[in-house]
Amino acid sequence: MGEQIVLDRDVRDWVLVPLTMSIVLMMLIRQYATQVLMGGGKSQQKVEMKEVKEKQALARSQMLRGAFGFITEGAFRQRKAYFTAKGSGVLNQKSEQKSAQEQMMTNPDLMSGMMKQNLSGIVPQIAMGTFVSYFFSGFILGKIPFPLSPSFRLMLQRGVDLPSLDVTYFTSLSYYILLLFGLRGVFMLFFRENTIDETQMYRQQMGMGGGNPMAAMTGTDPNKALEGEKAALEMVDHKWKLEGAEERAAQVLRVRLRKQPGKSRQKAPAAAILH
Amino acid sequence: MQPVKRQLEAALAEVERSSRSGGYDAMRRYLQLVRELKVRDSENVALLGSKLLKHHRSKLQTEELWLIMEQVAIAAIDTRALKLAADLIKSIKEKFPDSERSTRLAEMFLEARGSYEQAEALILEQLEEAPESQMLLKRQVALEKTKGNLSGAIEMLRKYVETFQTDREAWEELGHLYLEAQMYPQAATCYEELLMHQPASAATHVQYADVLYTIGGPANYQTACTHYSAAIDISSGQNARALYGLCAASAQLKGDSKGRDGKVPPDLPELAGEALLQLYAKEAPSKLPLVTALLEAQQISIAK
Numbered sequence: 001m002g003e004q005i006v007l008d009r010d011v012r013d014w015v016l017v018p019l020t021m022s023i024v025l026m027m028l029i030r031q032y033a034t035q036v037l038m039g040g041g042k043s044q045q046k047v048e049m050k051e052v053k054e055k056q057a058l059a060r061s062q063m064l065r066g067a068f069g070f071i072t073e074g075a076f077r078q079r080k081a082y083f084t085a086k087g088s089g090v091l092n093q094k095s096e097q098k099s100a101q102e103q104m105m106t107n108p109d110l111m112s113g114m115m116k117q118n119l120s121g122i123v124p125q126i127a128m129g130t131f132v133s134y135f136f137s138g139f140i141l142g143k144i145p146f147p148l149s150p151s152f153r154l155m156l157q158r159g160v161d162l163p164s165l166d167v168t169y170f171t172s173l174s175y176y177i178l179l180l181f182g183l184r185g186v187f188m189l190f191f192r193e194n195t196i197d198e199t200q201m202y203r204q205q206m207g208m209g210g211g212n213p214m215a216a217m218t219g220t221d222p223n224k225a226l227e228g229e230k231a232a233l234e235m236v237d238h239k240w241k242l243e244g245a246e247e248r249a250a251q252v253l254r255v256r257l258r259k260q261p262g263k264s265r266q267k268a269p270a271a272a273i274l275h
Numbered sequence: 001m002q003p004v005k006r007q008l009e010a011a012l013a014e015v016e017r018s019s020r021s022g023g024y025d026a027m028r029r030y031l032q033l034v035r036e037l038k039v040r041d042s043e044n045v046a047l048l049g050s051k052l053l054k055h056h057r058s059k060l061q062t063e064e065l066w067l068i069m070e071q072v073a074i075a076a077i078d079t080r081a082l083k084l085a086a087d088l089i090k091s092i093k094e095k096f097p098d099s100e101r102s103t104r105l106a107e108m109f110l111e112a113r114g115s116y117e118q119a120e121a122l123i124l125e126q127l128e129e130a131p132e133s134q135m136l137l138k139r140q141v142a143l144e145k146t147k148g149n150l151s152g153a154i155e156m157l158r159k160y161v162e163t164f165q166t167d168r169e170a171w172e173e174l175g176h177l178y179l180e181a182q183m184y185p186q187a188a189t190c191y192e193e194l195l196m197h198q199p200a201s202a203a204t205h206v207q208y209a210d211v212l213y214t215i216g217g218p219a220n221y222q223t224a225c226t227h228y229s230a231a232i233d234i235s236s237g238q239n240a241r242a243l244y245g246l247c248a249a250s251a252q253l254k255g256d257s258k259g260r261d262g263k264v265p266p267d268l269p270e271l272a273g274e275a276l277l278q279l280y281a282k283e284a285p286s287k288l289p290l291v292t293a294l295l296e297a298q299q300i301s302i303a304k
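One line per chain: the protein sequences are A and B, in this order. Here UniProt numbering is used: position 9 in the first sequence is 9, and no number is missing along the way. Here UniProt numbering is used: position 87 in the second sequence is 87, and no number is missing along the way.
This is chain B alone, in the form it adopts within the complex:
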């Protein structure tokens, strides 16, 4: 995550610096960077993008112009600059009347304005023509989410992943939704799917282990412990959440007599605790007492 943030900051600083000379190139590069990294930095995008479109519109190549229009329109919706969004979407719609992407933009705009019925009608109408459009099917889920209809969103997304079974993002979103609905075993299934997609990601292991820990029960604590360990292994002990999780899960296992079948090295929780303390001493010394207190509560003794 860190490098992404740093890249964006550097690009923004570049924009600042060149703002006196118009800043055309810097702004364009920043927007491109945001598109490529697939991050959502709506405030800056809306600000810089609208400036770029206002002053340098004629300088942009056709293809890039429309890409930026789409990007800025979405950012404008995010920042509730609905007037700007409406103008942009209108001209996009005029240019590409049959495109799925412009339909999606129109739908997002309606959704942001709160006209849910109109938005839904628009999606359904377009879906009739292209029932396999992943973009629109996902918008449908998002619309349910906006409405606050959690179970409806889950139902839609379940149907979606039944067809598009290898869509990693969809599984992740479904996992989030299940967590929100407190359906933990179902969420665990979704995160298992994620694990298979990206077994080298410490974050995925931690997420999955969190879900297992929440479900509870000795077997789940045991598995959670293993996944926290895997995350520690992958992140070489840098992931604080994995360390916390490991401490908590092994504290739970300690109370359970059968929980330990010799697989866990007995000093692992202590090691994790120590690593946590070290991490906090380096990054946030003022919060060190909190960690010490927590570890004591979990009966993890640290050899000083």
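Chain A on its own, in the form it takes in the complex:
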């Protein structure tokens, strides 16, 4: 345990420096390649007006279900009819949003866009991984200045299978992985918002306002959402929340008039109406 391992100086000159350089260069190339492929970040998808309308109608219907108590029964019925009337009701229409497969078929842009994203992300990763494991595997690059438990062996000593080696020594392959993830922050400083960030790319794919391939794949069917909303809205029975507002107002005024003008703020009844 106590014995020191002396590292050859050539390891520094022929492994540490070239490895770091090649990773940095690779990331630079990847950065610029993605920018070119994406066409300067203009990969935003066109939003279909009908889809917007549908989503907004859903949101408004939800709002109606939440706040119907503040409008009169006639007004509520009018809106309910707008949403759920047989035939013409907005929630009865067939959804304009396409399912995932359809979207793939009809929108080649989407597909090639995803391809580009994946290609620019995965291909260099694979190439780099092969490159590094071919040329630089099996070297011990350095030592961490603090002790670690043996369970870190898998993380720090990738590529060197020596159970008797102290855990604090790390290998070239582990160094590569560390740099791969650690350098993103450094690159962020240079390129600001343009840095390719996988998590962001992923999020973009997941939550793109208009076309939403991932969500559609995981089973959110726009037609089902409309149906569900319609059923929920039909269940709602109108109840006017302002019933008795006059009585409450009279109460408020009575309290106010009895007291002196300055300190007559009565807050409790005002709260009652909101719940």
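If you're looking for bench data, these hints aren't it; they were derived computationally from the structure. Note that the structure is a prediction, hence the values are computed from the model and not measured. By construction, the Cβ of each residue, glycine as well, lies at the ideal position given by its N, Cα and C atoms. Wrong hints could be hidden among the right ones.
Stated by the list, open to error - Cut-off 27 angstroms, straight-line C-alpha distance, at most; resulting in silico cross-link-like pairs (DSS-like, lysine-lysine):
1) K83/B to K138/B
2) K159/B to K86/A
3) K254/B to K241/A
4) K159/B to K230/A
5) K53/A to K159/B
Said to hold, decoys possible - Reference excerpt, derived from the structure (chain A facing chain B, CB under 8 angstroms, subset only):
6) L16
7) A57
8) A59
9) R60
10) F70
11) P108
12) D109
13) L110
14) G113
15) K230
16) A232
17) V252
18) R254
Given the structure of chain A, go ahead and fit chain B onto it with the hints provided.
Using the frame of chain A, we list chain B on its own:
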């Protein structure tokens, strides 16, 4: 409303005080405050903003610089300082040639200059690229309004809210437009939408009740009464317009035999009248006789 006004005044006073030492920070803070509160104080913004851009341009951070440029450009259009606006918009347009916001500025400038056709062409051209741009669709409505084409503006905005159904501001504007066109039932529908968005706002209740009162008819007076009451409840009797409205609506109901079905406490109009008198005695004693006369005309007797 009051705190907003006070905040602005305080910031302006700060600008005054620090004007001898350049006033860079104070001016910047004032402009920021106006942006954050989303108020329109064009005269001061144009004045201070142009001063700031003239003398301290190099001190501003890039992002803030362009925000201030946009803000001052709009204020300049408002105050008809078209020369200033043109310069600002030109440099904004050079910096962000493809941006929707710079297109909007250019359109506003054309509109202010009175070149309506050019402005319209500009919007239509941009809309072809981005048909879902809410900003430009709203500009379209505003352009119709500037032209004085009320029905055109209503038609455009109707189409807009048909798609963007949860846009509260759009519903409010549509309500205003309908009121202007004297289409009260339609306006009432818009204000109902507003009520659902902000049921805790006394002003919304009062607006809606005003519209109902204008339409008239016992049922509407009754509903208006309820909404005025709700407004009184929310504002704890501070809202003078709600008190006036309640008096007026219940005076209308008094003439109608069926109007009262026992829901309204019989002393409510008197209470409202009394609260009004109290409010006026405190805030504007000189106008007290006017209120007394009005209440008498509405046959609301105040127990002294």
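Status of the hints after comparison with the structure:
1. K83/B to K138/B: 25 angstroms, holds
2. K159/B to K86/A: Between K159/B and K86/A the Cα gap is close to 23 angstroms, so the pair holds against 27 angstroms.
3. K254/B to K241/A: 24 angstroms, holds
4. K159/B to K230/A: Holds, at roughly 23 angstroms.
5. K53/A to K159/B: 11 angstroms, holds
6. L16: Because about 39 angstroms separates L16/A from the closest Cβ in chain B, which is outside the 8 angstroms limit, the hint is violated.
7. A57: OK, holds: A57/A within 8 angstroms of chain B, min 6 angstroms.
8. A59: 5 angstroms, holds
9. R60: With Cβ-Cβ at 4 angstroms, under 8 angstroms, it holds.
10. F70: F70/A check passes; min Cβ-Cβ to chain B is 4 angstroms, inside 8 angstroms.
11. P108: 20 angstroms, violated
12. D109: With a minimum Cβ separation of about 16 angstroms from chain B (threshold 8 angstroms), the hint on D109/A is violated.
13. L110: Violated, because the Cβ-Cβ distance from L110/A to chain B comes to roughly 17 angstroms (cut-off 8 angstroms).
14. G113: Violated, because the Cβ-Cβ distance from G113/A to chain B comes to roughly 18 angstroms (cut-off 8 angstroms).
15. K230: 15 angstroms, violated
16. A232: 16 angstroms, violated
17. V252: Holds, about 6 angstroms.
18. R254: 6 angstroms, holds
Checked against the numbered hints given earlier, the structure breaks hints 6, 11, 12, 13, 14, 15 and 16 and satisfies all the rest.
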